[in-house]
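Asks: What follows is the residue order along each chain.
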Amino acid sequence: MTPMNNIISVDGLSKKYRIRHNAQRYKSLREEMAAAAANILKRSFNRNSRVPTETTEDFWALKDVNFTVERGDRLGIIGRNGAGKSTLLKILSRITEPTEGRIEIRGRVSSLLEVGTGFHPELTGRENIYLNGAILGMRANEVRQKFDQIVEFAEVERFLDTPVKRYSSGMYVRLAFAVAAHLEPDVLIIDEVLAVGDAAFQKRCLSKMDDSSKEGRTIIFVSHSMSAVERLCNRIIYLESGHVCVDSPKVQEGIRAYMLGTHVELSTSWEPNGIAHIFEWFTPTLLRLVDGNNNLICGAVTYEDEVWCVIEADITTIDYALTMGIALFDEEGRCLFWSYHTDLTEKEWPVLKVGKNLMKVRLPLDILNGGVFRVELIGGLHFRQWFFQPGVNAPSVYLTLSDLVSKSPYWMTKRPCIMAPKLKWLVE
Amino acid sequence: MTQTIVVLEPGRIDKHYWRDVFQFRDLFWVLARRDVSVRYKQTVIGILWAVLRPLLTMIVFTLIFGKIAKLPSAGVPYSLLVFTGMIPWFFFSSSVTESSSSLVTNANLLSKVYFPRILVPLSSILVAAMDFAIGMVLLVIMLLYFGYTPTWRLLSIPLFLAVAFSAAGGIGLLFSALNVRYRDFQFIVPFIVQFGLYLSPVGFSSSVVPEKWRLVYALNPMVGVIDGFRWAVLGGAFLIKWDILLISVLISVILLGLGIWSFRRFERGIADVI
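Chains as they are written, first to last, in my numbering: chain A, 52 to 479; chain B, 594 to 867.
Heads up, some of the hints might be wrong.
[Claimed, not checked] Computed list of chain A residues with no C-beta within reach of chain B, every gap over 10 Å:
id : residue
1  : GLN303
2  : LEU347
3  : GLU397
[As the list claims (entries may be wrong)] Just so you have them, the derived chain B footprint on chain A, three or more residues with Cβ under 8 Å:
id : segment
4  : 114–127
5  : 141–154
6  : 175–182
No wet-lab data here; the hints were simulated from the structure. Treat the numbers as computed from the prediction; the structure is a model and nothing was measured. Glycine is no exception: its CB is placed at the ideal position from the N, C-alpha and C atoms.
For reference, chain A alone in the conformation it holds in the complex (with noise of 0.2 Å):
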């Protein structure tokens, strides 16, 4: 049996889901008594028909995945997008079930929910907490009793008897936070919430995290922020591709691993493998970085170093609202800057033609902070449509930039800044 101290255990878990390429999540039986026709039409007219059919494929969201959590634990989970995050935390909320495996929790599991998620827009303040902590599975006496302390720690006296439709999203969101955290469950699940709210609300929130987890409650937290990560966690699971890949209480040492993902992602170059890039209007062909004499680059570089980040895509349809370029991310997550190849005066776009283009562009790598980027290749319609939109669905590479930014004797390691850029100091 478990030992008591483990407040969860899992054991071999695996999540699948059937993807079905080229279908609608919502169906109507028109529409699939249609397909089906149309598929045997089709079939029968045209055998090498580049329509694609309906296929089904499986996808291992979560695979063989094993771990304990102890009472108190306050365990960060960390991962790329798609690496099983989400799925995980599904599952521990029993929103859905694990295909393979099994988990034990002893105890009260309640997830703090996405902004108002749990709350209807024309009910006052008042009835929401009601609402959000029935919803959470407290009882209405609970809800009772914790009510004055959850409006306290909300700050919204004065608004309590207003539709939370004319509420800020701040109000929101620590309302939100003030019904899960005087839930008091046993395990309370945040899943990158506290994004929002202003900064001294989020000092809050993560006080009373660490004054909850004191009290023997336990926290799994998911953010893409590391530093958040890194303030309130005390162990930490690196998830990637649906595998425990770190699993640790060595906090730094796990987001040190998720940033230099020792595994194939912090590659210098990219080539699409499969139809999600495929635009008439842009077709990335490949994304790579290299130096000065078009050599891919290999391992770090310093801020003197010439970098280029190259694209090279087929364009079948010249559209002029086409607006490409790059997005750079800096280790936790945070974006730098966007730059597009429409960013200067129209005379100076360059002009792109129907077949196979080459574009460059330096990075401007003697204003960054040491430490790994990521350079995503964003694109898209100008106002209409996205191709690949920063953080969703861009390709991306990855840069690794030494901590020596400056040949200063006083600039000798890495500050705690987003930025490093050398500014040439005068006197007048």
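Here the structure of chain A is known, so what remains is to put chain B in place on it, guided by the hints.
Replies: Positioned in the frame of chain A, the structure of chain B alone reads:
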């Protein structure tokens, strides 16, 4: 310290399902209260709708079936005959409509939090029960106006209400699940409900149905409910027929069982589809 141990593994939800339903019983009331108060907050004349809708329908039906078609009413004022049919019917029809769409309207909740999903369609029936209560108040006023005195038979109303609840709940559960997968059902449900209004003895007494078809007619569970309701309220000429009532009860229990069974089968994958 009592400690609940939750075990999650494939197919496990089934094992403590009803225990969970019990644990989340407060949510049932809170969701219902939310639906009721939201409904009256968003409309201009609010609660008046619950009064106007049956009253206006009653006037139209009395004119069409009573005055124009001149159907028999066994000596009871025709408007009263219509109204006693309409109260249980409206309870049934709005229960089916509300619960059928309930999963879709609560989609964001279902994909974010765990609770026994069956609470959602069931609690939406309470909104219809609220209208039912208002209708009962109107009915009492009408009875006093027409000089009827209530009898002990009124005590049997909860029984008929329970039959209507279980029929509506069964159909609602089935449709709410289907509605998530096939959005066609949001068009099919109003159609069925409208059809059912004319198939049920709402605007007329079930005595106009030829004797040999009565038992077939009773396959519509609302026939037994409405007949029983009229017997309970008006008495006199409206006799209760045990065979008809029995069929209605049986059908509604079967519907509820079917509804729960299909809902449970579907429920597991709900968050992945919605």
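Asks: So which of the earlier hints does this model not fit?
Replies: Hint check: 4 fails alone, others pass.
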